[in-house]
Amino acid sequence: MNIRPAGRSAALLEVAHPAAAAAEVREAAAAAGVTLQEIVPGAETVLVVAARAGDLTRLLARLPEVAGSSPMSAGHGPEGAVRLDVRYDGPDLAAVGELTGLGIEGVVAAHSGARLRGAFSGFAPGFCYLEGLPDALRVPRLPEPRPSVPAGAVAVADRYSAVYPRSTPGGWRILGHTDTVIWDSRREPPALLRPGTVVTFRPVP
Amino acid sequence: MTPDRPNDACGRLEVIAAGLTCTVQDLGRPGHAHEGVPPSGAADAASHRLANRLVGNDETDATLEATLGGLVVRLAGGGPARAVALTGAPAPLRVAGRPAPLYAPVAVRPGDVVELGTPAHGLRSYLAVAGGVDAAAELGSRSTDVLSGLGPPPLTAGDTIPLGRPPAAAATAVDVAPTRGGGGRGTTALAVVAGPRDDRLGPGGWERLLATTWTAASTSNRIGVRLDGPALATVAGELPPEGVVTGAVQVPPGGKPVVFLTDHPVTGGYPVVAVLADDEAVAAAAQIRPGQEVRFRLAGASPARSPSGWQ
Numbered sequence: 000m001n002i003r004p005a006g007r008s009a010a011l012l013e014v015a016h017p018a019a020a021a022a023e024v025r026e027a028a029a030a031a032g033v034t035l036q037e038i039v040p041g042a043e044t045v046l047v048v049a050a051r052a053g054d055l056t057r058l059l060a061r062l063p064e065v066a067g068s069s070p071m072s073a074g075h076g077p078e079g080a081v082r083l084d085v086r087y088d089g090p091d092l093a094a095v096g097e098l099t100g101l102g103i104e105g106v107v108a109a110h111s112g113a114r115l116r117g118a119f120s121g122f123a124p125g126f127c128y129l130e131g132l133p134d135a136l137r138v139p140r141l142p143e144p145r146p147s148v149p150a151g152a153v154a155v156a157d158r159y160s161a162v163y164p165r166s167t168p169g170g171w172r173i174l175g176h177t178d179t180v181i182w183d184s185r186r187e188p189p190a191l192l193r194p195g196t197v198v199t200f201r202p203v204p
Numbered sequence: 000m001t002p003d004r005p006n007d008a009c010g011r012l013e014v015i016a017a018g019l020t021c022t023v024q025d026l027g028r029p030g031h032a033h034e035g036v037p038p039s040g041a042a043d044a045a046s047h048r049l050a051n052r053l054v055g056n057d058e059t060d061a062t063l064e065a066t067l068g069g070l071v072v073r074l075a076g077g078g079p080a081r082a083v084a085l086t087g088a089p090a091p092l093r094v095a096g097r098p099a100p101l102y103a104p105v106a107v108r109p110g111d112v113v114e115l116g117t118p119a120h121g122l123r124s125y126l127a128v129a130g131g132v133d134a135a136a137e138l139g140s141r142s143t144d145v146l147s148g149l150g151p152p153p154l155t156a157g158d159t160i161p162l163g164r165p166p167a168a169a170a171t172a173v174d175v176a177p178t179r180g181g182g183g184r185g186t187t188a189l190a191v192v193a194g195p196r197d198d199r200l201g202p203g204g205w206e207r208l209l210a211t212t213w214t215a216a217s218t219s220n221r222i223g224v225r226l227d228g229p230a231l232a233t234v235a236g237e238l239p240p241e242g243v244v245t246g247a248v249q250v251p252p253g254g255k256p257v258v259f260l261t262d263h264p265v266t267g268g269y270p271v272v273a274v275l276a277d278d279e280a281v282a283a284a285a286q287i288r289p290g291q292e293v294r295f296r297l298a299g300a301s302p303a304r305s306p307s308g309w310q
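Here the protein sequences come in this chain order: P and Z. Here numbering that gives the first Met the number 0 is used: the first residue of the first sequence is 0, the next is one more, and so on. Here numbering that gives the first Met the number 0 is used: the first residue of the second sequence is 0, the next is one more, and so on.
Incorrect hints may have been included.
[What the hints assert, rightly or not] Chain Z regions said to be covered by chain P (calculated; three or more residues, Cβ under 8 Å):
1. 32 to 42
2. 240 to 251
[Said to hold, decoys possible] These stretches of chain Z come out as covered by chain P in the derived footprint (C-beta under 8 Å, 3 or more residues):
3. 134 to 148
4. 263 to 275
[To be verified] One side of the interface only, derived from the structure: several residues of chain P facing chain Z at Cβ under 10 Å:
5. G41
6. L46
7. L98
8. L101
Because the hints were derived from the structure by calculation, they are not lab data. Keep in mind the model is a prediction, meaning the values are calculated, not measured. Cβ atoms here follow ideal geometry from the backbone N, Cα and C, with glycine treated the same way.
Can you make the complete structure from the sequences, with help from the hints?
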């Protein structure tokens, strides 16, 4: 774990497994009696934001040097597992089949056969980058983003999959669609998919 | 007070003009960044808090954040006379057609119009009304988040905004506040410490960040203050996305720094080379007008980095 200062009361922790490190940060904060403002996993980091510099110092003193060096264990965190029913009828399904050489059925099998995990969020409320795609399914983003991607679109780009929580512009390649509500600000927590959540997709007709 | 019109009992504001941009703001919705939700909240939180204190509200009550003044509202409904207070950028204030003091509680009767002129300096003014602005909350906050679209939409003429029940007594602890804050004339100096990716600045980059007089671009908004000036070189492209704090000074590939305010994206792939030193610096950044000059100055040493953590 390497620690980079991110202001007087925040630090960016460089770790191998950010979701696991985030869970360890929560445990260390509880042990130190520190309330953190934010714990934000990134692709290779966890940002920790405290209210005061002293809180950050106390937290870091409690945090094991090896935090985030092992993948998330089953005992870590309340993020749970989610299975989403997907209709694989997306506008980019055929093109992804060609780009990867897997064909449509191969893409569906590879995507629905993967056990994914929420890595980090960004772009829009509830938009969670899911990691764990097979390498064979890696495709670049669209050269030009679509002006509008519908809510529930199940998409892939680079090493990630995601489900669009609401209608936004977007450049990921759309494989299908789920009717499950991904983001609801009246729900607690509002985001269905969060860093650490285990996610699988099930094809439905 | 009639039972079938409960809202009128608490009064409301009718928006006659919203100015350039006016939003409802409180202290935002921190704690949801891992779900992709920006902190949002008053860009100049110190001025927001002060406005609330002046009218006896809690600091968490919602105020109106006006950009370059121009806001005109009428107190309507069946509620009582109320105190209002204007803080932040010193927009000339008129109540019922008469000039009224800034940074002080001012009585407003039902039917009175409250009018903000254009501030001579600074950018964002905060109008607190006793009882608070009672717009619908989302994720525990009434703040408008212009990046993610959470919270109430920005105000437009013709809107009606409900007000909360005013504090029981004139609970104000302050009669008149010092007029510090709210943005100055001339060059704004922002205190910074080194950011997590200061090593992404090319040779001499840190010195140039501090030595350059930057100009705030007209594309600045609640997401961030965009700066124009000679491009800074950064080392090799994008980073894997990582968490970003309010006050982060990020350098995109074009080399023109962006100072993130409260509606900033929660994760980003461009290096954060510096971070504003404290809340006061964030409040100062929130008051920078487009076209205004900006300089960064180093605020003492950032906490020492060592193999065992921080000292």
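Structure-based check of all given hints:
1. 32 to 42: Our answer is that it holds, as 6 residues pass the Cβ test (under 8 Å) against chain P, meeting three.
2. 240 to 251: holds (count 7)
3. 134 to 148: holds (count 3)
4. 263 to 275: holds (count 7)
5. G41: Where the cut-off is 10 Å and the nearest Cβ of chain Z is about 3 Å from P/G41, the hint holds.
6. L46: Given a least distance of 3 Å, the restraint on P/L46 holds.
7. L98: Not OK, violated: P/L98 not within 10 Å of chain Z, min 22 Å.
8. L101: violated, 26 Å
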